[in-house]
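Visitor: Make a model of the complete structure from these sequences and hints.
As you go down the protein sequences, you meet chains A and B in turn. FYI, in the numbering used here the residues of the first sequence are 528 to 828. FYI, in the numbering used here the residues of the second sequence are 97 to 268.
It should be emphasised that the hints constitute simulated quantities derived from the structure, not laboratory data. Mixed in with the good hints there might be a few duds.
Sample of chain B residues with no beta-carbon within 10 Å of chain A, all distances over it, derived [stated by the list, open to error]:
(1) V99
(2) T101
(3) V102
(4) D108
(5) I117
(6) T125
(7) C130
(8) G131
(9) R150
(10) L160
(11) I163
(12) D165
(13) W170
(14) P183
(15) A222
(16) A249
Okay, the calculated bits of chain A under chain B, using three or more residues with CB under 8 Å as the criterion [said to hold, decoys possible]:
(17) 528-538
(18) 556-569
(19) 580-588
(20) 626-639
(21) 784-798
(22) 806-817
None of the values given here were measured: they were computed from a predicted structure. Heads up, the beta-carbon is just placed ideally off N, CA and C, and yes, glycines get one too.
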Amino acid sequence: MERCGLYLGCNIPLKAPDIEQSMRKVFPALGIEIVDLDGFSCCPAWGTAPSFDIDTWLVVAGRNIAIAEMKGVDLMTGCNSCFGVLSEAKHMIEEHPEKKAMVQEKLAKINKTYEGKTKVYHIAHILYKEIGLEKIRKSMKYKLDGFKIAIQPGCHILWPTKVMEVTEKNPFYPTMLKELCEALGAEAPYYSRLEYCCGMGALRSTDQEKSFLLVKEKLLSMKEEIDPDMIVTTCSSCYLQLDGAQKILKERGEIDFTIPVLYYTQLLALCMGFDAKEVASISEIPREEIIEKIQSEERAQ
Amino acid sequence: MQVETVNLTQKDRKAVLAQMIEKGGGNLTKCIQCGACASVCPVAITGLPLYCKRLFRFLQTGHLEEILDDASSWACVACNRCTEICPRGVDPFHVVFAFRRIQAQELAIPASATTSLMNFYTTGHAVYGDASELRQKVGLDPVPPSTLKYPEALKELQTLLDESPMAELGLF
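Guide: Now the structure itself:
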């Protein structure tokens, strides 16, 4: 793969654009040109069209996939929700010929064509399968030897495996993100709530306190079982929850520690030597200290 | 000795099932209440009352009006652990969302969902906020290359939404 469409979604470009910038830095540096999907919309998020009408869900998702297809590229996204919504929609469209015909007919009215050639990937899949751990290892300026990471793959990259192009051997014990972190030189041990939901998304907007129960349990599991230097995730929703809710829990006195949170491509960009001001500068839990440790002279290769 | 079928309800089960099938949750009939879905469900773990397994029993026995206003279904994060683990091929996620669609039709919708829907229609992004300053701070164009940058693309999205059954609800 030489080029890939970058589907940004909502949270990454509008809440955490430093994550977007980290993607725009690391993929070209690793040999994959990023193609912008001009005019894309929200995937549509679970709480919008999917909660109201299946056909509208499929048409809006189909339009986003068609934008990539018309540019002749596959699509990758760094938001787990977008990945789930688009993968599920593509699966339904391809499994049911009458749905595919419906999507094609509705898109034709807005001058879009959908054939189904474009594949939907998560950015973690492209890093792991297309680029590969060896190339990632060779790209590094700063190695993470001695660091301990608590990984958070998030939900929609793991289930349901039947709608995805790339899957874990056992999604209840995922290893892809662990291997991606280990490739940087860090340790990424198991903790008992590793595959648990962080409580973001619909749970957070419907019942904030219930949502906090889940994120608190996860943070305590990380802290007590492996005491990590940082949390690393490949889901932008998990990122916002682990960073934002952690600050609230600390202020309330419900936890007595903080752990800095990084999105995987942010960590990778830092390891490759990119400027933290561009790739990792927006967070609730301060990251200056960990970034200084990562990009320190003694770690330079 | 032959045991006769026990009927647990006098409700109109067929009418409820017909609605569930129409909204994409027809596999409800395959559920035998084993509870595998609930064992991995974030909604169940947090203690919300109407998690997957329990919701399905209400629906199977024809109880719909009684649960129409319950917000538990709107807390479903669509994680699909249930879909992966269900031994009966129920696709519990699709059943929960089919119920949500029935709720939506009756306007039993939480305020957070109506706000997202309005954002989605007016900007193309369900999660929206002016990010131009943040984006410039990290060296990006102030506007992402989405419907926010291309008015004709937003018009395309709005055309699709205007022509959808969602428009009839009057939420955008």
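Visitor: Give a verdict on every hint.
Guide: Hint check:
no.: 1; hint: V99; verdict: 37 Å, holds
no.: 2; hint: T101; verdict: 33 Å, holds
no.: 3; hint: V102; verdict: 34 Å, holds
no.: 4; hint: D108; verdict: 24 Å, holds
no.: 5; hint: I117; verdict: 12 Å, holds
no.: 6; hint: T125; verdict: 19 Å, holds
no.: 7; hint: C130; verdict: 18 Å, holds
no.: 8; hint: G131; verdict: 17 Å, holds
no.: 9; hint: R150; verdict: 16 Å, holds
no.: 10; hint: L160; verdict: 17 Å, holds
no.: 11; hint: I163; verdict: 15 Å, holds
no.: 12; hint: D165; verdict: 13 Å, holds
no.: 13; hint: W170; verdict: 5 Å, violated
no.: 14; hint: P183; verdict: 14 Å, holds
no.: 15; hint: A222; verdict: 4 Å, violated
no.: 16; hint: A249; verdict: 3 Å, violated
no.: 17; hint: 528-538; verdict: holds (count 3)
no.: 18; hint: 556-569; verdict: holds (count 7)
no.: 19; hint: 580-588; verdict: holds (count 6)
no.: 20; hint: 626-639; verdict: holds (count 4)
no.: 21; hint: 784-798; verdict: violated (count 0)
no.: 22; hint: 806-817; verdict: holds (count 3)
Comparing the model with each numbered hint stated earlier shows that hints 13, 15, 16 and 21 do not hold.
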